[in-house]
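Hey, can you work out the whole structure from these sequences and the hints?
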Amino acid sequence: MRPPLRPTRSSRTTPNSTSKPVQVIVWGAECLSRQRSAPQTFNGYMNTRFPNRYLPYFLIGPMILVVLLFFIVPSAQSLYLSFFRVNTLGTRSIFVGFNNFVRLVTSRDYLNSMLVSLQFALMVVFSGLSLSLFVAVVANQRLRGFAFYRAMLIWPYALSPAIAGLVWGLMMNPNFGLGALLLRRLVGINFNYLTSSLAAIVFLALAATWKMFGYNIVFFLAGLQGLPTELLEAASLDGAGSWQKFWKVTFPLLSPTTFFLFIMNTLYAFFEIFGLVHITTQGGPGQATNFLVYNLYQDGFISLDTGFASAQSIVLLMIVASLTFLQFRFVGQRVHYL
Amino acid sequence: MKVRRIAFSLLVLLALILSACAQPGQTPTEESQPEEPAATQAPEAQEPSGDGPVEITFWHAMSGSREEVVNGIAERFNQSQSQYRVLPEYTGSYAETLTKALAAYRTGTAPVIVQVYEVGTRTMLDSNAIVPVYTLNQGEVDWADIVQPILKYYSIDGNLYCMPFNSSTAMLYYNKDMFEAAGLDPDQPPTTWAELEEYSLQIMEAGAAPGGFSMGWPAWIMEQMYATHNQLFADQDNGRSGLATEVYLNSDFGVMVLTEWQRMAEEGVLVYGGREYAANDPFLAQQFPFLFQSTSSLGGILNAAEFEVGTAFLPRFEGDFEQGNSVVGGGCLWLMNQASPEQQTGAWEFFKYLNSVDETITWHKETGYFPATNTAYERLKAEGWFDDEPNHATAFDQILSGADTPAANGVLLGDFVQIRDIVGAAIEEAVVNGVDPKQALDEATAQANQVLQDYAELNQ
Amino acid sequence: MKSETAVQLPARTQQNTAAWLRNRVLLPLISHAVMIVVVIFILFPMLYALLLASQTPSEYYNLKLLPGTALFDNIAYAWNRINMGRLLANTTFVAVTVAIGKIVLSVIGAFAFVYFDFRGKNLFFVLILLTHMLPLPVRIVPTYTLMDSLGWINSFQALTIPFLASATGILLFRQLYQTIPPGLADAARIDGASPLQFLLHIVVPLSATNIAALFLIEFIYMWNQYLWPLVIANSDSVRMVQIGLRQLVATDAAVEWHYVMSGVLIAAVPPLLLLLLLQKNLIQGISLYEEK
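Chains as they are written, first to last, in my numbering: chain A, 1 to 338; chain B, 1001 to 1460; chain C, 2001 to 2292.
Keep in mind the hints are simulated off the structure, nothing from the lab. Please note that a few of the clues may not be correct.
Have a look at the derived ranges for each label pair, beta carbon to beta carbon [unchecked claim]:
#1 C:Phe2044 with A:Pro62: 37 to 47 Å
#2 B:Trp1143 with C:Phe2044: 51 to 61 Å
#3 B:Pro1053 with C:Gly2120: 32 to 42 Å
#4 B:Ala1403 with C:Ser2058: 55 to 65 Å
#5 C:Gly2120 with A:Ala321: 20 to 30 Å
C-beta atoms are modelled at their ideal positions from N, C-alpha and C, and glycine is treated no differently.
The structure is reproduced here in structure tokens:
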């Protein structure tokens, strides 16, 4: 099988291989980063082209239609709306220029919202990745019953963040939850996520990390198992200890996976936890868990301050754009050719 | 591989079968053609469903066991006649319900009846989207029969705009068992804040509870304090003689209240319980003897409590304050003007049904909301209901014993939702994060005033 | 195949016995211990939920740790309270429709990008990639207004159609199709087959495992949707299961955890089942990284 010229981790799968699944999603992220423009050559040689002139338009038509109608146009409208102030009924609007953005930047509540979102994301990403990396390294010891462990780890992927919140909300219920009780009896901490700002954000980070734990482990495992052993053996021969081997060889080689997971977890922490917050703390106590998306919901759908909410949407857009840009820059360069 | 394929296709098949059941059930709100949203008062007729009863959609925010009671009432109404069918739908919290109704109105798909909480009253009045209830009454309902504070709250210039349905107020719940454990007389609840604090400390010292009191809906309790001490909350006679443009949150009174609360929080007497109904849980778990909460929780609390529950009037602060009244809370039923004439007539029939003595009594008994009419109240008294269930009388007695002044009638504010949030945040800042009360309230006042000004600008 | 770690089995000399002990006994023991702790940590909250779902309030207020007997009663009550049957049907419909729809659109779209040249190809591709940068919160307010003006509030259209576009899907299948040898397509052309026939008879079967994996991912993604169904659904006719759970939690007195947990258990079953069925697919691909 002719090796592909594209610098992917490994696309050495043949078309007849029956095992071609979701690793490609991982590559999708890397692929995304490599797309400066849609290249004409794939695999280093031209694919066959069919000659039809109009068929392709029919084929991509439906998706393009959806993209235009429900992605591009509303996003442009968000931008437009962010320059207005609209009344609750949507019947009157006043042009205010950049005033909404000024309000955002000077609003103590919004700055707090950014801060707590950042804190939350850091907690989720840092603890999630480091713990799951540790577990993946442990699990990589070729244990018996490995498949069992893996199944036991991946299942929370099927749960929603809302359910994770409910389940942990129960565990940490200050009045009878087992988790809260144990914390009180064993460690002496009074953990009340309804009244303590710190407890609330820790609680949410706990639930969110728990849910993603198995997912992270599985990806790290795959990454670990795909490492070239020659390098590790060479390091051994050179007299490197396990610790050195890990940090100097393994971890750098793992960086595409790590970075991919970093991006996925960050996006998760910013955009997919609305249900978690809404069903447990509702942004409280005070503003302690009033994350950006939750604040947007409050302003856009409860207070019906549509212009202001649109300005917040634009801020979120800038955050996603930055993350995507990071992806472009770093995953594109640090891939290790095999 | 083969097994997996089979399993997979079975699953898809199952899904398709299930989804076949899902298809045919769109609600009648889908029937009307989406038309250009009319920004005027012209009612757009929704298509009545031909033959069969006229369907009357009723959006509400009654969650938990209250939803079942609502469904029961609608059921009974539907069975009592065949011309109209009321379809109740739980559409989320009060705030979400209001939003959805307004959004639906913009495209001509508004429900016929929507339950809006008291905080949304100003918004509804300014919306041009409603049919005022007093215009429907052809003498069948005696407005004077409606309990006055409720009538006053939802009336402008003596005219009632929406149909009172679930009216509540705040009161003090307490744990009688703890009173006994601490040597206090369980039938002598505190009447002042000083007493509240004293009893709390006594109970805490006796080891009967780790805390003293907590509050549901803290921002609302703050409003209650203003109203019971006859303090105006905003200008323009509490927003009743014109659009209010400033709040008096950082008045001496407000600062005093918050300072007291902060002090008691530091002592460990005030146990901050979170928002809305979150404080109910720890109260039921016997974490503290006193709970400030809406009367609407009475039914649920009595059911769930494993101790004897007592209720009392809201305590007063010592000082030279006139008698005010506790503020009506809860919600009211508004008729939206996109309903067809038949639907409006049907809605009025439903309103009359709700107002009937039997249904009012059922609603009260099963939820704890006030009986909204004097007739119902008299009947309940005659039945001996209040003797058997003295807790159900407390809030009622409290609200009937108050004064009738603008301050006591409650405040009407535009964008009240946001303002409640602002007040709530200020309380949390002081009580949880130790911020200086005056500072917190000054900031809150500034923010609230800005909101009111924005509202006035957009709604002149 | 797992790559060998640096665990070597040396000859059993004196100084190697310690190493042997460490590698063959201690390390695996520790590894197993760690894994078991992790598994317990992951599993425990759900077990606790199951426990609570079987109890009554007085039991769990009093911290009883043994299962109660009320499981079926609680489930029945929760089921009726939020009209769970309807919610499950709605959610299944939405999840399956979006999963299938997304897959179909992605397959044919990727096919177009790989096997055709046409004007605007780059532009369209970039447009689709842009969706990756436009998660729901960025466009939720105007999209909601759009739904309003289309009359799609509280409809299945609103819950499904906006989700049919996917950068991930296009990329996934495009990547796949790029590795199909050109010989196959050439042969098809020579045989006089139309591109659609080539698509249906050659390309799609080759995509089978990717399709299965994507179906799993999309189904779970839609099953767990919260924000969009929250704002769109006004009645049980289209309400989805996560919002039903929220309805169970919302209350004016105490949260009835036994009912909430019953609801949680019911709501979690379908995606869990699907994951169980198709997990080999998911895992296989992720771990089959490094065929030498």
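Each hint tested on the structure:
1. C:Phe2044 with A:Pro62: 37 to 47 Å: 45 Å, holds
2. B:Trp1143 with C:Phe2044: 51 to 61 Å: 59 Å, holds
3. B:Pro1053 with C:Gly2120: 32 to 42 Å: 54 Å, violated
4. B:Ala1403 with C:Ser2058: 55 to 65 Å: Roughly 43 Å apart at Cβ, these two residues miss the hinted range, so it is violated.
5. C:Gly2120 with A:Ala321: 20 to 30 Å: 23 Å, holds
This entry does not satisfy hints 3, 4, going by the numbered hints stated previously.
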